[in-house]
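Colleague: Protein chains in written order, with this note's numbering: chain A, 1 to 268; chain B, 1001 to 1721.
No wet-lab data here; the hints were simulated from the structure.
There's no promise every hint is true.
Said to hold, decoys possible - Pairs of lysine-lysine residues, derived as PhoX-like cross-links and limited to a Cα-Cα distance of at most 25 Å, are as follows:
id : chain 1 : residue 1 : chain 2 : residue 2
1  : A       : K259      : B       : K1085
2  : B       : K1446     : B       : K1544
3  : A       : K167      : B       : K1446
Unchecked claim - Listed next, with one range per pair, are the computed distances between beta-carbon atoms:
id : chain 1 : residue 1 : chain 2 : residue 2 : range
4  : B       : Q1188     : A       : S197      : 32 to 38 Å
5  : A       : G65       : B       : E1669     : 35 to 41 Å
6  : B       : D1045     : A       : P118      : 55 to 61 Å
Predicted, not measured: the structure shown is a model, and the values here were computed from it.
Quick reminder that beta carbons are idealized off the backbone N, C-alpha and C, glycines included.
For reference, the chains in residue letters:
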Amino acid sequence: MNNKARFSISALAVGFALAGGAQAAGVKFADPTGDDKGPGGYVYPTDAVYSAGSFDLVEFEVTDGDNADFKVTVNDRLADPWGMGVGFATQMVFIFIDKEPGKGHTKSLPGLNFEFAPDSGWEKVIILSPQPASRVAAEVKAKAADLSADIVIPRRTTGIGKTISAKVKLDDLGGGDPATWGYQVVVQSNEGFPDKSDLLSRKVNEFEGQHRFGGGNDSDCDPHVMDILAGKGAGTPDEAQAQYDMLKHECGADGSSVKRATLQMIRK
Amino acid sequence: MHLRNATLAAAVAAVLGLAPQAGQAQGAGESPLKWYGSIYAKFLDGNRRTEKGLYSNSETTPGEGGGDQGQGIEFELMFNAQISKQVEIGGRLHSRFNKNYWSNYGGFGVPDQSPLFTCDESDPRCNQYVKLRGAWARITPGYAWMDSATIGNQDWGMFDPWTVGKIRYIDRDNLGGVLLQGSGFDRQLRWDIARITLPNYLNLMFAKDTDISDDDLYANDATWVGQLKYAPGPDFNTTLIAAYAFDNEAEDFDPNGFGDPNLDFLDGVGVWKQFENTVLALKAQYTGIDFMDVNGAAYYSDLNVDDSICAGTLNDDCRFSPLLKRDTDDWAYYFTLNFNELLIDGLSLSVQYFDIGSDYVSLMAARREQDVLITEGQEGTWMWGRPDYNFGNRGNTNSMAGLGWGGWNGEVQQVVSLAADNDFTDFDEPVAYSVIGWKGVTLVPKYQVGDWEFSAEYTYLDFNTDWQACGGSDKDTDCATYIRQDGTHAWGVGGDYRSPYAPYQDRRMDIFALRAKYTLDVGNGVDLMARYKYIKDEDKRVTKSRFLADAYDGYPGAPINGDWIPNVGLGGCVGCDDRQADYDTFGVSAGYQLHPDLYATLVYEYHQVELIDGTIDVAPVGLGFEASNGFGYAEYMTGKHDKNRLGIDFSYFLSGIEFGGAIDYLWGEYDPSFYTDLNGRQARLSPQPGQSTIATPLGNISVDPVDMGQYRMKIFMKVSF
């Protein structure tokens, strides 16, 4: 093959790239950095793949259009140390959507260990996972069958730079205007070998381990999340405390739940 | 397929402290012991018709693997228990494949092709016994100064692939040690200290027959490693790592024995150090700039080796080793800028500068499954698979031990180990490649717009291993510091993946890659991908005529082709040994969710290499026992290589069970060409009418094109319980 052919291939690729159009803005939320501590005291696992900032939610954006782009940005460059093939590996994100305030599910998904306030019920949740969509669907079928009609698994989820994104058709979300919806974005970790009751999410224990979060409780009375949206979703420093307050919970001496963490939806 | 690694990693991660949840409230009388595990079955088929194991590749130990036939099943049983609030234990039992074919009937029925092994009930490769792979106890005493102590086996993934890397996946938790972990300053500071027992295969001379002798100690050899991580805020973190590995041996004559070997043990026996390897690392990351993140690391290694261990020659008994053969020290660096949004929305750019010294030695660096650079490197399909281009010697266990002409489908992962390891891998998995000596710059722009994803790469590569006679004047003595391994990093197509040292090198490489992905909104959505990659790899090898005789001395240490007439010094032709390799790769694929549980991808790739590896008088400098195509280590491959791959990959999930597979059909041609010395320049040599072969140091090479073809299939089932 000669160099002329090689340059032609390159030029063709650049042409394709430039032919793409700009996306119209939809709705965007920000979250402060450094609040990737769940209710305030959670710490990362000790294995080097869980790099600093990799569960720290920074921005959430939904673009306009019938095939909306849901983008979640964290505070570290994404990596794929487990060979998932989609540009990221350790993160898993749940995007809960409240289309009708006062209605919807108040319980969350298995393994997350929190609930939603009655005025913040969710109608749809989008799961951004590096696992194949078939695997996520099989887990949903087995562990959250009663909610499966409202769980949306994108056909393709990818990670580029610091952003995990997926396209979802508005029809799959029941239509409507995403700019008017309430959201809660829950950053968790992809666990390929989950507990029998967990939906591919990673445990939080009292002491961090090589592959489990620490700073929580060895039982399931604590919320298993590292970062969420809080306050007005503007990214101001006080929203860190708002998050810690929202994730407050109480565990009994035997590990039972005395008070569940209760989340609010965030709206623009 | 990477999922095998991912699921294995996840499974072993689980045994190291994940699911099922330890410490959950238990009912009265309920055992704290949790059992869980997996069953993994593999089905191989192919037209190489080799059945040395249920893994596509194994090169270290002929007879251990390198198969494309058969079916087998593994059983893995894991356990953990929260004994008390302060004590947790866990472990893993596993029956491994090797040659556990269903056809061997539990170890009773298969004759082995190697006289070294029986493959009967007494052969652990075949008897299907379940074996303890690892066990650990974790103590969380609640002290202010220490968070936890872990005693036992684990994968040691909390460190760094340049210093102490994760251990190879096949027995990820076989390596034992003691790990203490703690934190301070409101967890802004975290520390790890470990003593990891050194596996004997990381001995300096692991291929030396006399390695295990009366005075060889190995059970207390270890690596000490400490790590301090400091993160005062979300925007900045830094890590300091220090590792020290040593190998003690018993003294033959203790000074207190007055030279009498019958007395020297009475008051104990002293030790001497066969080697010491110290590695220091400083890493830092800053993410406080809106448009850009910065990270970098500097590594320093120091190696002290007892001079009596390895002979001071090029191809001696320390040829295969994870360490150099003489005292060395060197540096390695990388520095990466990540522009998260460059000029326009959706465009990002990563720029990495890296410089890895020729003498950088880290005994415990990752050997596989980790990637130290952002470049995608070379193409796995051309990685050294011992395809036997010229002779097709099926009876040769060395050349048949690899995974064949098709190479690896997975990505190439760069490692800084001198013992990069691809044993017990399948063709659909990544391949590890040693990048000791690499220096250069990589640019990786990525652009996401609408339903399109674009990425590209340009890498400029220079080499710290560019030298003449390794910086001296005589390769046989001045290159004695450097292990030869398989000796073929820049020979043939792809080159050997673990041999960074050539006695004469003046090499440059450019990597250029483009990739586009698009989801076509038809039915369930068709995931389309197209890619193109070009690699230019040039090596002038000997650049000064005064070195020609030293480099091309007629290969006196090699069993060379008797029909070839030695041409010592290449007649003074400096350009006659020049290497030029141009690799082109085109690939397209289409993936579709055929059913909610089933996803399949159809792949077509075309690979082409145009290679000139010097004239017909040129073979790898310092050629040793590996000479001759018949052996399979070094082959004559000048010419044009075409390879087509049509493959289908699939994955199928039901709750708790996964099926996956890859089926490839590869076809192509090797069209040899020949070059000779024409008035001091490299010139094309046309065979005479009726001439069927041309003599080279590596054999009499047929002038006719060779049709290549390979069919291979791997299907697996994994059930987790």
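Colleague: Now, for every hint given, state plainly whether the structure supports it.
Modeller: Tested hints:
no., hint, in the structure
1, A/K259 <-> B/K1085, "holds (22 Å)"
2, B/K1446 <-> B/K1544, "violated (43 Å)"
3, A/K167 <-> B/K1446, "holds (18 Å)"
4, B/Q1188 <-> A/S197: 32 to 38 Å, "holds (34 Å)"
5, A/G65 <-> B/E1669: 35 to 41 Å, "violated (48 Å)"
6, B/D1045 <-> A/P118: 55 to 61 Å, "holds (58 Å)"
Of the numbered hints listed earlier, those contradicted by the structure are 2, 5.
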